[in-house]
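Please work from the sequences and hints to get the whole structure.
Going line by line, the protein sequences match chains Y and X.
First residue of the first sequence? That's 1 in the working numbering, and the numbers climb one at a time after it.
First residue of the second sequence? That's 1001 in the working numbering, and the numbers climb one at a time after it.
It is possible that part of the hints are untrue.
[To be verified] Below are the SDA-like pairs computed for lysine to any residue, each with C-alpha atoms no more than 25 Å apart in a straight line:
no. : chain 1 : residue 1 : chain 2 : residue 2
1   : X       : K1067     : X       : I1011
2   : Y       : K119      : X       : V1009
3   : Y       : K115      : X       : D1021
4   : Y       : K108      : X       : K1020
5   : X       : K1020     : X       : N1062
6   : Y       : K111      : X       : E1054
7   : Y       : K119      : X       : Q1015
8   : Y       : K192      : Y       : M135
9   : Y       : K119      : X       : I1073
10  : Y       : K4        : Y       : W122
11  : Y       : K108      : Y       : V65
12  : Y       : K159      : Y       : L224
13  : Y       : K115      : X       : T1040
14  : Y       : K119      : X       : D1039
15  : X       : K1067     : X       : D1036
16  : Y       : K159      : X       : A1060
17  : Y       : K108      : X       : D1057
18  : Y       : K4        : Y       : E69
19  : Y       : K159      : X       : K1020
20  : Y       : K115      : X       : E1054
[As the list claims (entries may be wrong)] Ranges between beta-carbon positions, derived for each pair:
no. : chain 1 : residue 1 : chain 2 : residue 2 : range
21  : Y       : F231      : X       : E1059     : 43 to 49 Å
22  : Y       : K119      : X       : P1056     : 18 to 24 Å
23  : X       : D1021     : Y       : R121      : 41 to 47 Å
24  : Y       : N51       : X       : G1034     : 41 to 47 Å
Keep in mind the hints are simulated off the structure, nothing from the lab.
Note that the Cβ used here is the ideal one computed from N, Cα and C, for glycine as well.
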Amino acid sequence: MVNKKVIVTGGNRGIGKGIVLSLLEHGYEVLATCRNASNFDFSHENLSVANLDISDDASIEAFSVSVEEFEPNILINNAGITKDNLFLRMSEDDWNEVINTNLNGVFKITKLVVKGMLKRRWGRIINISSISGSMGNPGQTNYSASKAGVDAFTRSLAKELGSRNITVNSIAPGFIETDMTQGILAQEILDKIPLKRAGKVEDVASLVNFLSSEESNYITGQTLVVDGGLFMK
Amino acid sequence: MSEVLDKVVEIVCNQLSVNKDDVTSDSSFVEDLGADSLDTVELVMAFEEEFGLEIPDDEAENITTIKSAVDWIQNNS
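If you want it as structure tokens, here you go:
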């Protein structure tokens, strides 16, 4: 199959794992990463895994070799972290660590794939953002700033690469049931969601599948929200 | 000399979809041959690949014509 080679960062758990499983189910060849690749608790004939810490330049340098061999035409920038705290209590380290991973990491990993996409005149870059980046969330000044940055990065890069048939979009999930949201999914949040439930990783993965496919040819530079209606502009 | 020139002209013609007859050694990629900014980056990538070179970004910015490309490649290979 052509146009079916995908890199998913942070693919071992949470939304990333859901994305990897869904892409494998749809016939994609997937190179999934996480900080320690031995943490992958699943395998598949079309899945290869690699160590990658997107906040670490040496790790990215080592990973770049795998990227060149793999020749991906789709990149899912999914890896990200939270270091939540009220602004007054947030340390500069917590701020920097989140920006460096969630925003700078996206810049560096995207750099690894764009040249190949340009040559092949086809590509899909899908950044996993968050509604926190557009609606704000107390305790997440660092995280929401990083995700708003990713959304803006998405729009500018989409304009740069559009003429080469490379689309760039971001997906902004709302409250999705994962390790990351465990403990904060209080009933009062669920009550504010028009669909009255938290999202499942599959709800995000199905959109990733659509954006990865030829079906989404004419969509670029967008932030698509998957949040059960929680945040409406 | 002419071998590098021929190769550069061929790459430029392919990348920018222009006719070989419209290209001279003084042709500017942007002003004469209709390249956009991304085309100029892609041209440098293509030169690097064809000639097995790595062209630093600050020097790549000065490669704006057929002649400047040929000169850089000859001085650095």
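Hints numbered earlier in the text: which of these fail when held up against the supplied structure? As far as the earlier hints go, 3, 4, 19 and 23 are violated by this structure, in ascending order.
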